[in-house]
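**Q** Now for the letters of each chain:
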Amino acid sequence: MTTKEDLLLKLKTIITPYVQNQEGLENLNEGTDFIKDLEINSANLVDVVLDVEDEFDIEIDNEAMEKMLTVKASIEVIEGKLAAK
Amino acid sequence: MIRKDIIEKLPYAKPFLFVDEILELNDNHIVGSYTFLKDEYFYEGHFKDNPITPGVILTECMAQIGMACFGIHLLRDAWDQEQWSVAMTSSEVNFYKPVFPGEKVIVKAEKVYFRFNKLKCNVVMYNTKEIIVAKGVVAGIAFQNKNES
Numbered sequence: 001m002t003t004k005e006d007l008l009l010k011l012k013t014i015i016t017p018y019v020q021n022q023e024g025l026e027n028l029n030e031g032t033d034f035i036k037d038l039e040i041n042s043a044n045l046v047d048v049v050l051d052v053e054d055e056f057d058i059e060i061d062n063e064a065m066e067k068m069l070t071v072k073a074s075i076e077v078i079e080g081k082l083a084a085k
Numbered sequence: 001m002i003r004k005d006i007i008e009k010l011p012y013a014k015p016f017l018f019v020d021e022i023l024e025l026n027d028n029h030i031v032g033s034y035t036f037l038k039d040e041y042f043y044e045g046h047f048k049d050n051p052i053t054p055g056v057i058l059t060e061c062m063a064q065i066g067m068a069c070f071g072i073h074l075l076r077d078a079w080d081q082e083q084w085s086v087a088m089t090s091s092e093v094n095f096y097k098p099v100f101p102g103e104k105v106i107v108k109a110e111k112v113y114f115r116f117n118k119l120k121c122n123v124v125m126y127n128t129k130e131i132i133v134a135k136g137v138v139a140g141i142a143f144q145n146k147n148e149s
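Protein sequences, first through last, are from chains A and B.
Counting from 1, one number per residue, gives the positions in the first sequence under the working numbering.
Counting from 1, one number per residue, gives the positions in the second sequence under the working numbering.
So that you can see chain A by itself, here it is in the shape it has in the complex (with noise of 0.2 Å):
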């Protein structure tokens, strides 16, 4: 069982090479929203997502990537998807 420190952990190793604000990864926390406060673009949304799937083997759909905008709700997607696996 994945605890939630780890999950954080390693969500934060995900996104590191995404983000141009580096005030926000060094204050990341459940409320951190990717776009607003760690300036990943579209793009590399899409990247975060595709690793965070190879990372804890699971399948993102539409609607669950759609909702992955803060750490806080990428936590609770991964948690669901792994919880279903």
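A hint or two may mislead.
Some chain A residues judged to face chain B by a derived CB distance under 8 Å, without partners named [stated by the list, open to error]:
1. S42
2. V46
3. V49
4. A64
5. M65
6. L69
7. T70
The set of hints was computed from the structure by calculation and includes no laboratory data.
Predicted, not measured: the structure shown is a model, and the values here were computed from it.
Ideal Cβ placement from N, Cα and C applies to all residues, glycine included.
Dock chain B against chain A, hints included.
**A** Same frame as chain A, now just chain B:
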């Protein structure tokens, strides 16, 4: 020529349309060609008295075939120029041979992935001697215009 309809759906026009023909097309790859005109506008300045096709134009040609044409095919009937826009989101291309005025190039693109309307491809450009002119990875995204949603 196959799929003339796709070329007609492209959001580009002369002097910035760099696709003549689509030669092969399926869900995994596309092959297309373009013959640079002897009097393309950029030869006037690139370079002074020494016309050579700029690398950015070769990249654009690779993207118009490997991203735009291929993407319109992958989007199926959803594509509509009124409601959709395209943007190149990244490119990493190495150049090996110059392309002179009047030269024909063939572009082959292999899909890496097409997810959430983002297309990423390995793209190679050849000249008519089948020598590699340019090679790289190009990605682009299609998005619906906000005023339509």
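**Q** Hey, does the L69(A) contact hint survive, CB to chain B under 8 Å?
**A** violated, 13 Å
**Q** Would the stated hint for V46(A) survive a check requiring a Cβ distance to chain B of less than 8 Å?
**A** Check passed: Cβ of V46(A) comes within 4 Å of chain B, closer than 8 Å.
**Q** Under the criterion of a CB-CB separation shorter than 8 Å, is A64(A) in contact with chain B as hinted?
**A** violated, 11 Å
**Q** Go through the hint on T70(A) and say holds or violated, using the shortest Cβ distance to chain B against 8 Å.
**A** violated, 17 Å
**Q** Given a cut of 8 Å on the nearest C-beta pair, is the interface hint for M65(A) held or broken against chain B?
**A** This interface hint holds because 5 Å falls under the 8 Å limit.
**Q** Does the CB of S42(A) sit less than 8 Å away from some CB of chain B?
**A** holds, 7 Å
**Q** For the restraint on V49(A), tell me whether the closest CB of chain B is nearer than 8 Å.
**A** Hint holds; V49(A) Cβ to chain B Cβ min 7 Å, cut 8 Å.
This entry does not satisfy hints 4, 6, 7, going by the numbered hints stated previously.
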